[in-house]
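2 protein chains.
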Amino acid sequence: MKAEIIAVGTELLLGDILNTNAQFLSRELAALGITVHYQTVVGDNAARLESVVRQARERSDLLVFSGGLGPTEDDLTKQTVARAYGDELRFDEEELAKIQHFFSAWGRTMPQNNRRQAYVPVHGRKIENHNGTAPGMIFEDTREKGKYAVLLPGPPKELQPMFLETVRPWLAGMSDCVLHSLTLRVMGIGESHLQEKIGSLLENENPTAALYAKTSEVVVRITARAQDLQTAEEMCRNYAALFYDALGDHIYTQTEDSLEETVVHTLMEKGKTVATAESCTGGLLSARLTSVPGSSEVFQYGACTYANEVKERVLGVKHETLEQFGAVSPQVAAEMAEGVRRAAGADFGVGITGIAGPGGGTPEKPVGLVYVAAAGETFTYVQKLVVTGRTREMVRLSSTQHALDMIRRLALDLAQPGCRAFAAGTPANFTGDTPVKDV
Amino acid sequence: MKAEIIAVGTELLLGDILNTNAQFLSRELAALGITVHYQTVVGDNAARLESVVRQARERSDLLVFSGGLGPTEDDLTKQTVARAYGDELRFDEEELAKIQHFFSAWGRTMPQNNRRQAYVPVHGRKIENHNGTAPGMIFEDTREKGKYAVLLPGPPKELQPMFLETVRPWLAGMSDCVLHSLTLRVMGIGESHLQEKIGSLLENENPTAALYAKTSEVVVRITARAQDLQTAEEMCRNYAALFYDALGDHIYTQTEDSLEETVVHTLMEKGKTVATAESCTGGLLSARLTSVPGSSEVFQYGACTYANEVKERVLGVKHETLEQFGAVSPQVAAEMAEGVRRAAGADFGVGITGIAGPGGGTPEKPVGLVYVAAAGETFTYVQKLVVTGRTREMVRLSSTQHALDMIRRLALDLAQPGCRAFAAGTPANFTGDTPVKDV
Numbered sequence: 001m002k003a004e005i006i007a008v009g010t011e012l013l014l015g016d017i018l019n020t021n022a023q024f025l026s027r028e029l030a031a032l033g034i035t036v037h038y039q040t041v042v043g044d045n046a047a048r049l050e051s052v053v054r055q056a057r058e059r060s061d062l063l064v065f066s067g068g069l070g071p072t073e074d075d076l077t078k079q080t081v082a083r084a085y086g087d088e089l090r091f092d093e094e095e096l097a098k099i100q101h102f103f104s105a106w107g108r109t110m111p112q113n114n115r116r117q118a119y120v121p122v123h124g125r126k127i128e129n130h131n132g133t134a135p136g137m138i139f140e141d142t143r144e145k146g147k148y149a150v151l152l153p154g155p156p157k158e159l160q161p162m163f164l165e166t167v168r169p170w171l172a173g174m175s176d177c178v179l180h181s182l183t184l185r186v187m188g189i190g191e192s193h194l195q196e197k198i199g200s201l202l203e204n205e206n207p208t209a210a211l212y213a214k215t216s217e218v219v220v221r222i223t224a225r226a227q228d229l230q231t232a233e234e235m236c237r238n239y240a241a242l243f244y245d246a247l248g249d250h251i252y253t254q255t256e257d258s259l260e261e262t263v264v265h266t267l268m269e270k271g272k273t274v275a276t277a278e279s280c281t282g283g284l285l286s287a288r289l290t291s292v293p294g295s296s297e298v299f300q301y302g303a304c305t306y307a308n309e310v311k312e313r314v315l316g317v318k319h320e321t322l323e324q325f326g327a328v329s330p331q332v333a334a335e336m337a338e339g340v341r342r343a344a345g346a347d348f349g350v351g352i353t354g355i356a357g358p359g360g361g362t363p364e365k366p367v368g369l370v371y372v373a374a375a376g377e378t379f380t381y382v383q384k385l386v387v388t389g390r391t392r393e394m395v396r397l398s399s400t401q402h403a404l405d406m407i408r409r410l411a412l413d414l415a416q417p418g419c420r421a422f423a424a425g426t427p428a429n430f431t432g433d434t435p436v437k438d439v
Numbered sequence: 001m002k003a004e005i006i007a008v009g010t011e012l013l014l015g016d017i018l019n020t021n022a023q024f025l026s027r028e029l030a031a032l033g034i035t036v037h038y039q040t041v042v043g044d045n046a047a048r049l050e051s052v053v054r055q056a057r058e059r060s061d062l063l064v065f066s067g068g069l070g071p072t073e074d075d076l077t078k079q080t081v082a083r084a085y086g087d088e089l090r091f092d093e094e095e096l097a098k099i100q101h102f103f104s105a106w107g108r109t110m111p112q113n114n115r116r117q118a119y120v121p122v123h124g125r126k127i128e129n130h131n132g133t134a135p136g137m138i139f140e141d142t143r144e145k146g147k148y149a150v151l152l153p154g155p156p157k158e159l160q161p162m163f164l165e166t167v168r169p170w171l172a173g174m175s176d177c178v179l180h181s182l183t184l185r186v187m188g189i190g191e192s193h194l195q196e197k198i199g200s201l202l203e204n205e206n207p208t209a210a211l212y213a214k215t216s217e218v219v220v221r222i223t224a225r226a227q228d229l230q231t232a233e234e235m236c237r238n239y240a241a242l243f244y245d246a247l248g249d250h251i252y253t254q255t256e257d258s259l260e261e262t263v264v265h266t267l268m269e270k271g272k273t274v275a276t277a278e279s280c281t282g283g284l285l286s287a288r289l290t291s292v293p294g295s296s297e298v299f300q301y302g303a304c305t306y307a308n309e310v311k312e313r314v315l316g317v318k319h320e321t322l323e324q325f326g327a328v329s330p331q332v333a334a335e336m337a338e339g340v341r342r343a344a345g346a347d348f349g350v351g352i353t354g355i356a357g358p359g360g361g362t363p364e365k366p367v368g369l370v371y372v373a374a375a376g377e378t379f380t381y382v383q384k385l386v387v388t389g390r391t392r393e394m395v396r397l398s399s400t401q402h403a404l405d406m407i408r409r410l411a412l413d414l415a416q417p418g419c420r421a422f423a424a425g426t427p428a429n430f431t432g433d434t435p436v437k438d439v
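Line by line, the protein sequences give chains A and B.
With full-length UniProt numbering applied, the first sequence has no gaps in its numbers, which climb one by one up to 439 at the end.
With full-length UniProt numbering applied, the second sequence has no gaps in its numbers, which climb one by one up to 439 at the end.
A hint or two may mislead.
Cross-link-like lysine-lysine pairs, in silico, PhoX-like; alpha carbons within 25 Å at most [as the list claims (entries may be wrong)]:
no.	chain 1	residue 1	chain 2	residue 2
1	A	Lys126	A	Lys157
2	B	Lys2	B	Lys98
3	B	Lys2	B	Lys147
4	A	Lys157	A	Lys145
5	B	Lys2	B	Lys214
6	B	Lys98	A	Lys365
7	A	Lys98	A	Lys157
8	B	Lys98	A	Lys157
9	A	Lys2	A	Lys197
10	B	Lys98	A	Lys214
11	B	Lys157	B	Lys126
12	A	Lys214	B	Lys157
Quick caveat, the hints were computed from the structure, so don't treat them as lab data.
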């Protein structure tokens, strides 16, 4: 079944509101195995609305409308759709009584305009609206079987329950297959490199797999179509196994959890705690960790040490280390991580130091150079990132992303790829640099 | 000029992402006096994309595309548009060098796929992308003057600066009248109260004024239309004066600066420094302050003290104060602010303690209860927020927003409305509660 979504409303065309209905409806239709080919937004203009409706009816089996069911004269959706689908509207006394009741419940009398909302299809069916005055409706083309139009009011608080209570069951009853999706989140491999590694897996027909790049992570969505849910789930699981073969522990979750959620939940499961020491990220790492409900169980202390003097005093970074290697160095990152781990009495400590830009870069230490260190009981790991051509915010976000992944790997006792490791307490002894991490 | 907006991307049709680009572009075009008649979303499908482009070109003068400029084979937008507008693509060595540089700067080699992004129009022009590899482009129909298509990449962080830096000035240059906007940012008055205070000012025809509510602040955008820029600017300034009369120092800027930018720049001008102590916001305040380039001049230390024991040890909050009033109390907020001010040797100190939720609330101290304190040399101010019916993230963001405003007011020596004030060093002496702030 081919579908399209049509939103009617000038406020969308002016950018006054976001078209969240299109996202909601698209997601719901996809879950039902119905393919959405187009989303359209058109204003409250008779001629343009008419042409949009006629074209959409021509090329698609199911149109889902949001908006344009209001009480004012410029709300034309149902008249226009009724004409296109060979139906007519009739005045419905029962609907009028409901609308009047809606107003009297607020101690108000119904404006005359709202009578318009009591017109419903002669052949089509009504959809009850428990949260507003405009009923929804479903038209089936009277001259061509299998062509449908669903009309829903614009406010999401009305549209969403109406879709879930009435439209979804009706569509599910017509469908002959089920769609199931599974999401893998991948950290530590760039999108194009990932594509080279698993490119062939992306060309399958069923299940399908698609990549979505985010800042310093990639989301893989696997979607299977089958006769029943159990089969679709199994197909997804089997296909996901191929991705695990190729990507291993770069996949940090197969849930909807973000990396910070994954890290906090992993620490909870393992009964471990973490403390953070941040320079260029200025608290962004601790803010991400503490955005997760319940994080106080695994996180008690974060220090945002912007000045060198504070790094020494609060974290115990050695004056000589700062002098010898500079604040942006693997040695200082490591001492920050070890220092905050000690100060907090935590299982793991993280240190981040770098140059977020746009100023402050030198040829030797350019903007985007960041060292991230993670300290455990016996080993401290440091990685070097060079996040160039990005904004300050992207450098900072990417740095915290890599820091979170290092905590995850510490908590799960996994390898730390691309990192330099050394025995705890010895950072100032190591010289030279660490290899640049693939960001 | 009639325009339409076309987003290309299967992830939109699946409902995986919200079409925020359509809102951004619609709003920007409206501000330029350009009417948007349609918004369309279509997938990465050659035939459907082709038909959408041809129809849109037929009925509109300006098409603005987002997405479909990626490096993979299914990204077809520019080939399709070039054909419809009678242009061709040529391989651009300079663009290739830029893309290669983008990769080599990360120490990586460019995947072969990305060569596709170096194709640009023969007749049209390129739009520079400072935040990604895909250049944008502007086509003018080679057979029909005055028909344009603008192509921008999908990620908002790339699209928005490209539109503002290149497309907006280009469109403004084609218009016969000049539009000028001035933005006032208002902190500390809720949207409905604001509307009561300045409602009549919102009904003017030229200049127009529109309100946009954000988390704990409201943006007023004044837009004037005139024959020349100077006149439009003066109209905006005069109209803004009426808002200043009504709202006074609740207006924190008339630039595009965010509250954190305003605070950092104000501190720089006044030569003052600030230190932060955060509990429920977990570093979000310091992250916001340090997101501003150059913030190291005014910020050296932030402590994220989640655990009580850490509040005592790191900030010197008294054990008795925690025992007597609890961690979420005006007294502890004040001691945190004074403690971190002392520890950092800063001019101002901020303390935030509260219950961000979703768990941890009690009837006496519900989720959303937050105390924010700001300490100066002689006085410490505390405000009580009750941010109810919101998510954890909104409670945290709102708290930092109010903290930033208190720093601004300290730096500018302004009153602290809705706050309780007491002499520095005496927080544990004051009992009772502070009035709830209008959030």
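Satisfaction of hint between Lys157 of chain A and Lys98 of chain A, Cα-Cα up to 25 Å: 18 Å, holds
Would you mind confirming whether the straight-line C-alpha gap from Lys2 of chain A to Lys197 of chain A stays at or under 25 Å? Answer violated: Lys2 of chain A to Lys197 of chain A is near 33 Å, above 25 Å.
Are the Cα positions of Lys2 of chain B and Lys147 of chain B separated by 25 Å at most? 10 Å, holds
Within 25 Å, alpha carbon to alpha carbon, are Lys98 of chain B and Lys157 of chain A? 47 Å, violated
Is Lys2 of chain B close enough to Lys98 of chain B, meaning Cα to Cα at most 25 Å? Violated: Lys2 of chain B and Lys98 of chain B sit about 34 Å apart, past 25 Å.
Is Lys2 of chain B close enough to Lys214 of chain B, meaning Cα to Cα at most 25 Å? Violated, at about 30 Å.
Restraint status (C-alpha distance of Lys157 of chain B to Lys126 of chain B at most 25 Å): 18 Å, holds
So if I understand the rule, the pair passes when the alpha-carbon distance is 25 Å or less; does Lys98 of chain B with Lys365 of chain A pass? Holds, at about 21 Å.
With a cut-off of 25 Å on the C-alpha distance, tell me whether Lys157 of chain A and Lys145 of chain A pass. 31 Å, violated
Would the hint linking Lys214 of chain A and Lys157 of chain B be met if the CA-CA limit is 25 Å? 12 Å, holds
Is the Cα-Cα distance between Lys126 of chain A and Lys157 of chain A 25 Å or less? 18 Å, holds
With a cut-off of 25 Å on the C-alpha distance, tell me whether Lys98 of chain B and Lys214 of chain A pass. 22 Å, holds
Hint compliance for this structure: hints 2, 4, 5, 8 and 9 are broken, all remaining hints hold.
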